[in-house]
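Chain A is fixed; fit chains B, C, D, E and F onto it per the hints.
Next come the chains, spelled out residue by residue.
6 protein chains.
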Amino acid sequence: MGQVTIRRFEDGEIYARFEESVRGDDVFVIQPTCPPVNENLMELLVMVDALRRASAGRITAVIPYYGYARQDKKHAPREPITGRLVADLLQSAGVHRILALDLDADQIEGFFNIPVDHLRALPLFAAYLAEKALPPAVVVAPDDGAVKIAYRLAERLRLPLSVVFQRRLGPDAKQTVQVVGEVEGRIPILIDRILSTGGNIASALDALIGHGARPEAYVCATHAVLAGPVAKTLDRDDVQEFAFTNSIPIPPEMRTDRIRILSAAPLLARAMRNIHLNESVSTLFT
Amino acid sequence: MGQVTIRRFEDGEIYARFEESVRGDDVFVIQPTCPPVNENLMELLVMVDALRRASAGRITAVIPYYGYARQDKKHAPREPITGRLVADLLQSAGVHRILALDLDADQIEGFFNIPVDHLRALPLFAAYLAEKALPPAVVVAPDDGAVKIAYRLAERLRLPLSVVFQRRLGPDAKQTVQVVGEVEGRIPILIDRILSTGGNIASALDALIGHGARPEAYVCATHAVLAGPVAKTLDRDDVQEFAFTNSIPIPPEMRTDRIRILSAAPLLARAMRNIHLNESVSTLFT
Amino acid sequence: MGQVTIRRFEDGEIYARFEESVRGDDVFVIQPTCPPVNENLMELLVMVDALRRASAGRITAVIPYYGYARQDKKHAPREPITGRLVADLLQSAGVHRILALDLDADQIEGFFNIPVDHLRALPLFAAYLAEKALPPAVVVAPDDGAVKIAYRLAERLRLPLSVVFQRRLGPDAKQTVQVVGEVEGRIPILIDRILSTGGNIASALDALIGHGARPEAYVCATHAVLAGPVAKTLDRDDVQEFAFTNSIPIPPEMRTDRIRILSAAPLLARAMRNIHLNESVSTLFT
Amino acid sequence: MGQVTIRRFEDGEIYARFEESVRGDDVFVIQPTCPPVNENLMELLVMVDALRRASAGRITAVIPYYGYARQDKKHAPREPITGRLVADLLQSAGVHRILALDLDADQIEGFFNIPVDHLRALPLFAAYLAEKALPPAVVVAPDDGAVKIAYRLAERLRLPLSVVFQRRLGPDAKQTVQVVGEVEGRIPILIDRILSTGGNIASALDALIGHGARPEAYVCATHAVLAGPVAKTLDRDDVQEFAFTNSIPIPPEMRTDRIRILSAAPLLARAMRNIHLNESVSTLFT
Amino acid sequence: MGQVTIRRFEDGEIYARFEESVRGDDVFVIQPTCPPVNENLMELLVMVDALRRASAGRITAVIPYYGYARQDKKHAPREPITGRLVADLLQSAGVHRILALDLDADQIEGFFNIPVDHLRALPLFAAYLAEKALPPAVVVAPDDGAVKIAYRLAERLRLPLSVVFQRRLGPDAKQTVQVVGEVEGRIPILIDRILSTGGNIASALDALIGHGARPEAYVCATHAVLAGPVAKTLDRDDVQEFAFTNSIPIPPEMRTDRIRILSAAPLLARAMRNIHLNESVSTLFT
Amino acid sequence: MGQVTIRRFEDGEIYARFEESVRGDDVFVIQPTCPPVNENLMELLVMVDALRRASAGRITAVIPYYGYARQDKKHAPREPITGRLVADLLQSAGVHRILALDLDADQIEGFFNIPVDHLRALPLFAAYLAEKALPPAVVVAPDDGAVKIAYRLAERLRLPLSVVFQRRLGPDAKQTVQVVGEVEGRIPILIDRILSTGGNIASALDALIGHGARPEAYVCATHAVLAGPVAKTLDRDDVQEFAFTNSIPIPPEMRTDRIRILSAAPLLARAMRNIHLNESVSTLFT
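Protein chains in written order, with the working numbering: chain A, 1 to 286; chain B, 1 to 286; chain C, 1 to 286; chain D, 1 to 286; chain E, 1 to 286; chain F, 1 to 286.
Chain A extracted, bound-state conformation (with noise of 0.2 Å):
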């Protein structure tokens, strides 16, 4: 664990100076760039340009949430595509390889061509809850973006499947809600990447109970964004327990007892540890 001292001038410029030599040393910069994503992301690329000219033998910026993964398209002309700006940025900065944690687009490794390592929280989600014992349960998809994920989350589970298709059917239809699958009876476990403002869980949620499922709900999602109106869905009865990641911090305001955090910490120090001993990273998500 590096010393690095980082201040702000009284202007609001960031400055970082590391306190003991870096030379030739294999480092890790772990940086987190969620909100606020823009001083975090300045505060990234600093230290690595001073970790760079400090003739740093390796950086391998570690990146638990990767703010702006969400921008990885163009929805309309003239719009920017900042998932990959930020990695150009990184790149240009000095980053010689990338630990990230479920990034929101798989297509995202392909906006670097330095080497990124992939972890998935799902085996983090799959401990948690299979020490609950829970009796009849389904994996549930809240949305069809999230099939991939619930997917792998039932097979580990070896639980059944449903996704909740939240769609307009056609241009002057009304938002469908329809549940796809078996759910009546069952305890519903919903996983997400992000839970941001919570509406999809919200509506999900609703329709599973109105199919039948025991309003004992479980929802897990990697990163708490957290954002806008979401305490409204962290307040729901229906809900037993909200599960999510360390990769964010959660204000203690919205640290309600419902909320359970587990650690990225060993999975990423696991994966750090191999990195820099060269031993394979991929087996420690299957």
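Zero decoy hints are in this set.
Identical copies go unnamed one by one, so any copy, or any two together, can satisfy a pair.
Quick list of in silico lysine-lysine cross-link-like pairs, BS3-like style, CA-CA up to 30 Å:
# : residue 1 : residue 2
1 : K148      : K132
2 : K174      : K132
3 : K73       : K148
4 : K174      : K148
Think of the hints as simulated: they come from the structure by calculation, not from any bench. What you are looking at is a predicted structure, and each value in this text was computed from that prediction instead of being measured.
Chains B, C, D, E and F alone, transformed into the frame defined by chain A:
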């Protein structure tokens, strides 16, 4: 329309030579990287190298079908991301901009740092279907990956949307084919970006008809890759017509009566004209 | 004047979209990277990425205040050179040229390999002071770092120059504040590139008045960073007016009667016009 | 010897996956880019991309036959220089160094900025011929382009040299085939880098025999490209043996009794070993 | 014709300043990198850097003589390929295109990725010789490296070709100087790209006269490097005239009566004009 | 200490060849780019190119004197920033890191993106002066540009500091030479980074002695550029000794009795050793 001589040496190496001065010209090289994909890609790269050395002013690669687009992420460790590799090869050879049609993933735009004009074949399919003045119909996404494109078509035609959800619901379950949305008594219009082996289309059709859809379907796909056992699907009596663009030449033996080919050439031509004149391209597909 | 929509997502990420075609245009993005410096810098980078992907013909970043300019060298081992890092980030995002105003060190131009047009606010201050028709006055460099800019002003106004030399003369000595040049009975005109905490200005004023200068000073600085305890200096009765450019917006609570704001807008506008028309920019500040 | 899975998708796209961890390894990818040259080149590029993303420590492309080497310059305006293009593609994909065998032009090393170890097959041919204990023989360059390699062989075997000079002597003249040096009564040993269509070899043989050389020639060439009408030459009775390295696999139907294949594998293996151990490679071919 | 001030500081450092605006201009910097080659090369690089920073629109380096062109490959291990290095330096300084005259190896074009217009002095020599209305003559390549250029001249003048083949025929043999082709009674016209020490020319002349050629030779070479013991060759009575271009200034003490200087300026001027107007350059030398 | 052959071809081109394998080695190329600066710079670049192609493991350019360091900014429009250009040339040739001594501006470190170890000669001068056990002395900055280095020396020797302020005070004024700080009866120790023509030193000495300093000065400068009329200054009787490092070889005719040469070799050697062993370099100069 410039003159270019392309030939193979006796050992299969590609040779290209432009027969008239291209100095300072705004050159468009039209080359789908469809099968034989490696030959076509290399031919494109060789032409671009010749143009660059011949002082072409600006080189736009017009790639109606972008091979390797589906390899846009890693599914397993130690795989390539060939969609990105191809982007790098094109930039390395000297391409200044890309004009593409219905890339398989929108994130591929982010694999480039040069401008990408990404056209949509949707207006072609919309016009083709509008002319048919179909009796009550429904737009169908044969798969949850096709929801976005199907929704856009439904919006244009002001028709309802249905999604055929094809997944295994849990590790111990069989493949579920579930129809979301109302299809009974309606003519199904299936749409996707690529039609390759046709497996998904076939099982979607079975499910739709099982749900009472009329056995007079239309199947639309931008890119007619038509690989492996697709002939069986192309032969189904419950499909009235298959509509493809000409982004990939369809071999004569595949061209049955049921196949309609919508030319993307006018769309590409207008886009090239607007690029050349610095007029907006996005207006072409809204 | 183009239309651009900039907003924040709920988690603080920046979104930018240009509302009209910029294809082939010669675009000038005006964005001082003043505090909050990281937010403003990232906003600039995101806009540039959007422009590049939207086929803008040429992108000039107009940066009236260049944040991190003071971090242009290492003072201690294992520090960053953030002024260079920012130059790299801008080039990496796709900027083609820079238009800047009074960079803190001229060497920053050398941090770029793209053309930098480096404007000087000096003519503004010269015109402002010439109008005053001041009685016997003297131009003062409040610090040996400001000698060059003060000399140029003196030359324009045909006034004598004085330098306040502020250093510790030896490791065991106290800070010396020595006035070089004749100031007695004259109105001192202090000039520097940045006014930040105001400490140097305050001790220079004390020394000047101690040497018989008239307590009716003028203080000119291009960039009103105005950080920390600056309010006390802005309140001094021995200063008639503080003159800043509008390179950094001054918060309303700081805007006292003594503050004059000279608009750099006409200067920047002429420079942009000349850049666009390929006319000489250097003629603007001679 | 690592495990790699390479297969084609149904549309001909290449897929590669390394089956064991390559993290930090010093990887050698052995791939001649012989016909089908574009397929083989792309396969190499795809493997390199997979290795780079899998954190291989160093990637050496071992290219016993470098396709497109003959396109190393422009013969006419608006041609590509594909030999350089291929060098750029390899570097763009992430190759760190090249190990090549008898490149057609030595300048190709200059097309790379990464280190190129350029091996020579000469010692193989020298050993092969030395064993024959040939009666009075002469080394022959079948063409003025082969003089350098023929001279080196003559030097090794301490034999005299002859050059068959094949050019048109003036625009109105027929092709001249002139034998320089003494060949009468001697066994001619012809050597070149590539044997492609065999035309030059055939006319050189005719001329040599016309000058009294013994009709018991040996023909050596590093790379057996063997294109077009070469079979006729391979069948000549006045050649005792053709010797090639195995840089290019020779199709079974071409493998006549007269053909000897000298394995370059031990040479390449020693070079790879020395590269891996940071021992001199140049000592291998002196 | 722009104004540029070039001078040396007292310690030999080069200083360059353009005296008028070059903003957006299409600038041609004419600088042969002839001896003193390092001074001339650095001067060119410094000028290009100044132009780039002064917003020149396009920078073409016009290099009538390209120093280090002969170091285009490695002859021994651990040598540089300085011809490539120079190409990289030029591109690194900001050159956009090259205009060169008779590069020593055509592969040097492949050392660049920017466009190279490669002019030939051949038409100058052809016109010069045509005017002479020579009695029966023969074009001679004084060396097998000069065959290609000699063939082209023969073609233009519709004269026969001869090659003087100068090699050692085997390790134990002396240098052979063999004349290929008919020279008896003819005036020999020797042509090569460079005349440096003149050794090859001298022995070729001896051999030609030994074979009955008339002792009234013409010797043509594009680049008059004229190094070491060349004076002795320039003094030979069996040469009527030596013809060089002015790609390299010839020192006055070398300018004997026998030397004719053909100006390449009109050729370069036409090429620059055509480059500027985006007209074909290849038509200039066909 | 490796063997390298460096020689000139007859036309002045540089040739370099390393005589033993450098494969994988950590190579230090020691080359001050002192006059003849362009020759020395090119020699360095050529050696680096050879090393890179010979698979050197890491290439450190050890540049005790960095030519063109003073051209680190533009003083007028359309000038180069040659200090940056040289940084780019070095990186382009393949240098991995720089070891420099007392660069004229610290910002030059920011011209590189590779690590720069920037040594200070200060400890050498401090040790040299400490040994003298001087009677009451004062450290003098002969110019306001030398304040920082003079302050550091004063701090080491625990002596007071004086600054000779040499500027014109206003456009109509003559050059003022003002002595800041107490010098009467003290031995002045003048220090600067470079001693070139000696003009500033001479006028500073005059002023110091005019203020009562003892005419037994010491003059220290890291780099003995010694250009133009410097001999006159080196001859002054009021200077006891001039101390320089051996960063630049001093021509014999300049080496008077008054000149002391302090070898920087041990300092550079320790730095190289620490770089090689990945030990801290910053500890060497604190």
